[in-house]
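J.: So the chains spell out like this:
2 protein chains.
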Amino acid sequence: MPAADRRKLIIGIDIGGTKCAVTIAEMNGTILHRRSEPTRGEERSPEDVLECLAAHARSLMTEANASRSDMIGVGVSCGGPLDTESGTIFAPPNLPKWKAVPVKSIFEKALAIPVRVENDANATAVAEWKFGAGIGAKNLVFMTMGTGIGGGIIADGRLLHGTNDLAGELGHQTIVMNGPRCGCGKRGCLEAMASGPSIARLARESMTYGRQKRVLQLAGGKPDSITAAHVIEAAKEGDAFAKAILIEAGTYMGVGIANVIMILNPEVVILGTIAVHAGDLILNPIRDAVNEYTWKRSSDVCKIVPAALGDQAQDLAAIALWLQD
Amino acid sequence: MPAADRRKLIIGIDIGGTKCAVTIAEMNGTILHRRSEPTRGEERSPEDVLECLAAHARSLMTEANASRSDMIGVGVSCGGPLDTESGTIFAPPNLPKWKAVPVKSIFEKALAIPVRVENDANATAVAEWKFGAGIGAKNLVFMTMGTGIGGGIIADGRLLHGTNDLAGELGHQTIVMNGPRCGCGKRGCLEAMASGPSIARLARESMTYGRQKRVLQLAGGKPDSITAAHVIEAAKEGDAFAKAILIEAGTYMGVGIANVIMILNPEVVILGTIAVHAGDLILNPIRDAVNEYTWKRSSDVCKIVPAALGDQAQDLAAIALWLQD
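Listed in order, the protein sequences are those of chains A and R.
The first sequence maps to residues 0 to 324 in numbering that gives the first Met the number 0.
The second sequence maps to residues 0 to 324 in numbering that gives the first Met the number 0.
Next comes chain A alone, as it looks inside the complex (with noise of 0.2 Å):
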C-alpha cells in the first residue's frame, strides 16, 4: 500500500486519580474504540497498572484491525508534575504511590510504538487547540477549573514547556499577598481563591445571618458537605447569596486571567468544568474583571470561553498529543 493511503491511528491513554482510559482515534478526532477500568492505585503498583493499559491498548488496536505500521504513537497524559523528555511520573497528588515511574519506555517496551507523555492540562490545552473551542488560534491559554486550577499555555503555535515542565501553572500565581492558604502550601494562590474548594469555602465563610439559606439546603444541612456544585445549583435558582459567591471567586479568576494576558497576550482563553457549569453566572464576572485589570488593547483581541469539549476532553487530551506539530 502506498505511505500516504496508510490508516494513520493514534492510541490514547488517560490515567487518572480514580479511572484510566484508552482509546484508539483517526487523526481527526475520531474515537474508534474505548475501554476504561478504575485506576485502583491504592491496591495495584504502578506497573501493574500500567501493564494492564497496555494490554488494553493491544486489544484495542485488534479491534480495529491496525499493525503497528499504522500507529503514529502512544499519547500519555496523567498528572504531573513529570519529565515529558524522559517520559517520567514524579509524583502526582492524585497518584500518591506513583514515584518517578518511566511512563514512556514502559509503555514504549510493551507496544514498539512512540509514546509521548504530558501532564493533563497542558495535554487538554492541546485537545481544545486541536478540536474544541482554540482551533485556528496561534496564541491561546487553557485553564482548568475544578478542584485545582491548572493551565496550558499554546505560545505562537507552540506548547510551552519551560524549562523542567512547569510552565502554565497559572493557578499558582499570587492573587492575594499573604492570603488564604493554598493546598500547594503557598498563601493567596488565585486556585486558593477560585477553585471549586474555595467556592466551597467562600460560601461556608459568608454563612451570616441565614443568607445561605438555600446553598446550606442544597448541601443537606451540612456547612461542611457544601461544594462549588451547590453553589451553583443555587445560584441558577437565582439565589443572591450564592451569585454573590461565584462573583467573588469570578472577580480573583478575572485577575489571574488579566495577568495571564498581560503576560502572554493571547487571543483566546479557555475555560475548563466550573466555567462550563455555571456560564455567565461566573464568565460575567470573570469578564468584567478581565477588562478592568488589562489594557483594552490586550483585551480586545481576546476572548474568555468555556471549554468545547465536555466529556470527551480527557480522551481527546491524550490523542492530540500527537497533533500538535
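If you are wondering where the hints come from, they were derived from the structure by calculation, not from laboratory data.
Predicted, not measured: the structure shown is a model, and the values here were computed from it.
Mixed in with the good hints, there may be bad ones.
You can't tell identical chains apart in this list, so a pair holds if it fits in one copy or across any two.
Unchecked claim - Subject to a maximum C-alpha distance of 25 Å in a straight line, what follows is the list of computed BS3-like cross-link-like pairs (lysine-lysine):
no.: 1; residue 1: K185; residue 2: K295
no.: 2; residue 1: K137; residue 2: K295
no.: 3; residue 1: K96; residue 2: K108
no.: 4; residue 1: K302; residue 2: K185
no.: 5; residue 1: K221; residue 2: K302
no.: 6; residue 1: K98; residue 2: K302
no.: 7; residue 1: K137; residue 2: K18
Given the coordinates of chain A, work out where chain R should sit on it, guided by the hints.
T.: Same frame as chain A, but now just chain R:
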C-alpha cells in the same frame, strides 16, 4: 568573493524619547561605528527624525566601507505599542507626536535593506540572551526596572510576541487588587509598586518620625524631589529607612517575578537598571519573595540576576534583532 567570506554587518537604530543612536556592528556584537543625536521629538516630525537616522546609517556604512550586500538587516528598537509585522510604531508614551509611523517601510525605502522593528524591552531581552546574562538559555525572562517595568520573554528559544505584540507586559500584572493607581491607568500593577517612581513614592509616603532624614537630605530637602536613586544611595550608606523601602519594593517585585516563574518556568530572570544599581539591597528581598511565592521545584532551576550589558544594552538591543533565529 565567495558567499562565506562576505562580511555580515547589521545596522542598529535605537529610538528613544530623549536621544537616538545608530550603530553598525558585526554579528558577534562588535560595534564598529556609532552616531547619536538628541531626538527632539517635540520640534521635529517623525519623518524628519527618521530621515536623519537613515542618513546616519548611510554614513556609517561608508565609514565601515560596507556595501548593501554586506548588510544582513537593520534592527530598530523603540517604545511600544507597535506592530512588528508591518513595522509600525503606534503611540509610544515617550514620543507623543508619533502616531502610527510606518518605520519599517520608511527605512526600507531609504536604505533598501530589510528592517525589523521591535519594542525596546523585547529587543533588550534578545540582547541579554545573545550577549549578556542569558547566553545559552532556552527559557529566559528580562524585566526592565526603571521609570516603568517592562519585559521580554524568550520561551523555548523564541521571543514571544503574542496576538498583537503585547506579550511580556510583565509590569502590568496586578500585584495588589485595588492598589495604587499605575501610570497605565489600572490599579495595583507591579509597576505601581516597584518601579523607580514607586520606590520614590513609598519613600515619600513613609516620611514620618524623621526616619527619612538621609533620603530627604540627598533630595535637597524637598520631598517632591526624592527619586529611587536617592533611596538607593542612602541604602548603600547603610540608612535603615532607605533599606526598608528597598525591601518593601523588592518584595512586591519578587511576587511579580514569582508569578512569571509559575507561568513560564524560565531558567533565568534578568533584571535591569534598579537591580543593577541597588544590587543585593534589592536582589535579596526579591529572591526571598521568589522563594516564598514559587514552588521549590520551579525556583530551584531559576536564577535571578542583574542585567549584564549596562550602557551597551540599547545599542546591542537593536543589533540583536537580527541574531535571534
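J.: So, for every hint listed, does it hold in this structure?
T.: Now for the hints, and whether the structure bears them out:
Proximity of K185 to K295 under the C-alpha cut-off of 25 Å is restricted to the inter-copy arrangement: shortest distance 11 Å between copies versus 31 Å within a copy. In this assembly of identical chains, the alpha carbons of K137 and K295 lie at most 25 Å apart only when taken from the same copy (20 Å versus 31 Å across copies). In the homo-oligomer, the alpha carbons of K96 and K108 lie at most 25 Å apart inside one protomer (22 Å), although the nearest pairing across protomers, at 65 Å, exceeds that limit. Taking CA atoms no more than 25 Å apart as the test, K302 paired with K185 passes between copies only; the shortest distance there is 20 Å, against 30 Å inside one copy.
Neither within a single protomer nor between protomers do K221 and K302 lie at most 25 Å apart by alpha-carbon distance, with minima of 38 Å and 48 Å respectively. Taking the closest pair of Cα atoms, K98 and K302 never come within 25 Å of each other, the shortest separation being 39 Å inside a single copy and 27 Å across copies. Taking CA atoms no more than 25 Å apart as the test, K137 paired with K18 passes in neither setting, with 33 Å inside one copy and 36 Å between copies.
Checked against the numbered hints above, the structure violates hints 5, 6, 7; every other hint is satisfied.
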